[in-house]
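K.L.:
Now for the letters of each chain:
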Amino acid sequence: MEKQATRDAYGQALVELGHLHDDIVVLDADLSSSTKTAGFGKAFPARFINAGIAEQNMIGMAAGLAAAGKTVFASSFAIFAVGRAFEQVRNSLAYANLNVKVCATHAGLTVGEDGGSHQAVEDIAVMRSVPNMCVVVPADGPSTKAALYRLYQRKGPAYLRLGRPAVPKIYDGEKIDFVIGKGIELRKGKDVTIIACGIMVHKSLEAAKLLAEEGIEAAVIDMHTIKPIDKELIIKQARSTGAILTVEEHNIIGGLGSAVAEVVAENHPVFVERLGIEDIFGQSAGPEELLEHYGLTIQNIIDKIHLLLNKKKELK
Amino acid sequence: MREINNDSIALVNEKALIIRESIIKMLGESGSGHTGGSLSAADIMACLYFWELNIDPKDPKAAGRDRFVLSKGHAAPVLYATLAEKGFFPDEYLSRLRKLGSPLQGHPDMNKLSGVEASTGSLGQGISWSVGMALAEKMDKTGYRVYALLGDGELQEGMVWEAVMAAGHYHLDNLVAIVDNNSLQIDGRVEKVMGVQPIADKFKAFNWEVLSIDGHNVEQIMAALEKARSIKNRPTVIVAKTLKGKGCSFMEDKAEWHGVAPKKDEVERALAELHATH
Ligand SMILES: Cc1ncc(C[n+]2csc(CCOP(=O)(O)OP(=O)(O)O)c2C)c(N)n1
Ligand SMILES: [Mg+2]
Chain P
1 MEKQATRDAY
11 GQALVELGHL
21 HDDIVVLDAD
31 LSSSTKTAGF
41 GKAFPARFIN
51 AGIAEQNMIG
61 MAAGLAAAGK
71 TVFASSFAIF
81 AVGRAFEQVR
91 NSLAYANLNV
101 KVCATHAGLT
111 VGEDGGSHQA
121 VEDIAVMRSV
131 PNMCVVVPAD
141 GPSTKAALYR
151 LYQRKGPAYL
161 RLGRPAVPKI
171 YDGEKIDFVI
181 GKGIELRKGK
191 DVTIIACGIM
201 VHKSLEAAKL
211 LAEEGIEAAV
221 IDMHTIKPID
231 KELIIKQARS
241 TGAILTVEEH
251 NIIGGLGSAV
261 AEVVAENHPV
271 FVERLGIEDI
281 FGQSAGPEEL
291 LEHYGLTIQN
301 IIDKIHLLLN
311 KKKELK
Chain H
1 MREINNDSIA
11 LVNEKALIIR
21 ESIIKMLGES
31 GSGHTGGSLS
41 AADIMACLYF
51 WELNIDPKDP
61 KAAGRDRFVL
71 SKGHAAPVLY
81 ATLAEKGFFP
91 DEYLSRLRKL
101 GSPLQGHPDM
111 NKLSGVEAST
121 GSLGQGISWS
131 VGMALAEKMD
141 KTGYRVYALL
151 GDGELQEGMV
161 WEAVMAAGHY
171 HLDNLVAIVD
181 NNSLQIDGRV
191 EKVMGVQPIA
201 DKFKAFNWEV
211 LSIDGHNVEQ
221 IMAALEKARS
231 IKNRPTVIVA
241 KTLKGKGCSF
251 MEDKAEWHGV
261 APKKDEVERA
271 LAELHATH
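Line order of the protein sequences matches chains P and H.
Last residue of the first sequence? That's 316 in our numbering, and every number before it is there in order.
Last residue of the second sequence? That's 278 in our numbering, and every number before it is there in order.
Everything labelled a hint here was simulated from the structure, so no lab data went into it.
Each hint should be verified, as a subset may be incorrect.
Derived EDC-like pairs: lysine to aspartate or glutamate, alpha-carbon spacing no greater than 20 Å straight-line [as the list claims (entries may be wrong)]:
hint, chain 1, residue 1, chain 2, residue 2
1, H, 99, P, 289
2, P, 42, H, 191
3, H, 232, H, 92
4, P, 231, P, 273
5, P, 313, P, 214
6, H, 25, H, 252
7, P, 169, P, 279
8, P, 312, P, 288
9, H, 99, P, 206
10, P, 190, P, 289
11, H, 99, P, 288
12, P, 42, H, 256
13, P, 304, P, 206
14, H, 112, P, 279
If you want the footprint, here are the derived chain P segments under chain H, 3+ residues with CB under 8 Å [what the hints assert, rightly or not]:
hint, segment
15, 25-34
16, 47-54
17, 77-90
18, 282-291
DEER-style ranges, computed between Cβ atoms [to be verified]:
hint, chain 1, residue 1, chain 2, residue 2, range
19, H, 142, P, 91, 38 to 48 Å
20, H, 142, P, 303, 46 to 56 Å
21, H, 11, P, 95, 49 to 59 Å
22, P, 68, H, 132, 30 to 40 Å
23, P, 293, H, 197, 37 to 47 Å
24, P, 166, H, 132, 50 to 60 Å
25, P, 279, H, 162, 51 to 61 Å
26, H, 165, P, 281, 29 to 39 Å
27, P, 23, H, 87, 51 to 61 Å
Idealized CB from N, CA, C, for every residue including glycine.
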């Protein structure tokens, strides 16, 4: 199976976009080899600014560049781009409604060996709660590229959440129909719906395949845009399957699961289970090892589906 | 113990060698981690833990103990090597660096490992902790001193200068900052990425005493630490000129060795070189 890190796809797409649009400026904070903005820096040195290890100033400069008419892509690790520079993101980017895309890599547990201090497990929640902010969490390389093209077209502040390790490709780059704010129904099913984002989309598809062998038909949605969330699709799935499981590499509080539960509760209450990190910090270890330790495996998805279906049965 | 003489210098040099060997072995085993910035700080760490600091591994929470904060937290291997050699925990721990469930996290975690005074890893934050610790000492008159080790790239963080301003403002003469001035960060040479020079003048402007030394000369490091004790009414910064990757020729002064661990053959080469030059 072909694999690619979303950060690698990001770096490549940035260079492509750079050739197409002169107004693009890229910023980084001493992590350009890891966030993969170095390629853009090499291709367009005059439009690349290394802020040094100064994320707050990077976001502040991004605001100024955007106010002067540039389309800005600013990168660091998620923990620093969202965490360290949060108030600059909130006031200088979002409150001012400027055209800056905060493209953060190394989000979630799959940062791996660097450990809990470097694993952002709260970034989706934090960014989702900021007015004007659009939040996108792509599942693989091709959809990362598609997201970047769409984000360029869409004016205003956005957060793109990317990962460190190579992940299986789900989409064929040419055929992907990626619209911000519209979830993608990757698999149809009548018994239950799995709504996932990021690296958990592939695991959800694998789980659905195994569930099919037991005779359980699970629909799988790639909810790449967490905000604005695709309400219509969530309500449609709640109606048609009567049970929803959300799956994300993020704290159980405030992320995709919360966003989906809000829509379901207000519009068409059905059972919702949320699979995510159980409100606990990460630690050092290999990426897959951590996903297993914190309960984010294919088997964990299957177990949760069984739980959901039992609840559904008891109700009847 | 506090005298600077041939014996104390020889002892600290010996410890610095042990620390470097331990860094190489530890990183070789873990397969990931920060090599360059750990090696550049080995002599400074040896001076601190085997000459300067008033600490007792058998009583790691003693109220009056000196505090050391690794503000450049990614250099965790140099801290772990030093703490193990000092006796804070068994050497066997070192083979579990960055492994699931290990007290030796990728970046220091004060709640998981004895001897770690502050959970660091996000650059800039350790120096603020250190100012807080020094302020607490002034309130309680516990008699301890606080030492913080910073990277030169780390100086680009705005919060470093907020902390430096606060320390100057509060006349924290119980605080010593040491800058590991190896002139490299991840994306290349510090002066090329985002210049921080003149470092000394910046600290002076914030009312700090500045001592500039060779960070691999144990005698100079000891003398600077001794001098810092005599400075009253203001904090001291020791700007230590160092080489990233110091001790292993193929790593020295190379940005590529910032966050990469040595492979098996590189471990052997590095250990052989360390022995030969000692
Ligand atoms: C706030 C923050 N931003 C970014 C990083 C990622 N990072 C880790 S080490 C490093 C470079 C550090 O350079 P320097 O301070 O000179 O350390 P040294 O050369 O001694 O290793 C960076 C950018 C971080 N740990 N913290
Ligand atoms: Mg440096």
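K.L.:
Would you list, in rising numerical order, the hints stated earlier that this structure does not obey?
P.N.:
Violated hints (numbers, rising): 3, 7, 8, 9, 10, 24, 25; every other hint is consistent with the structure.
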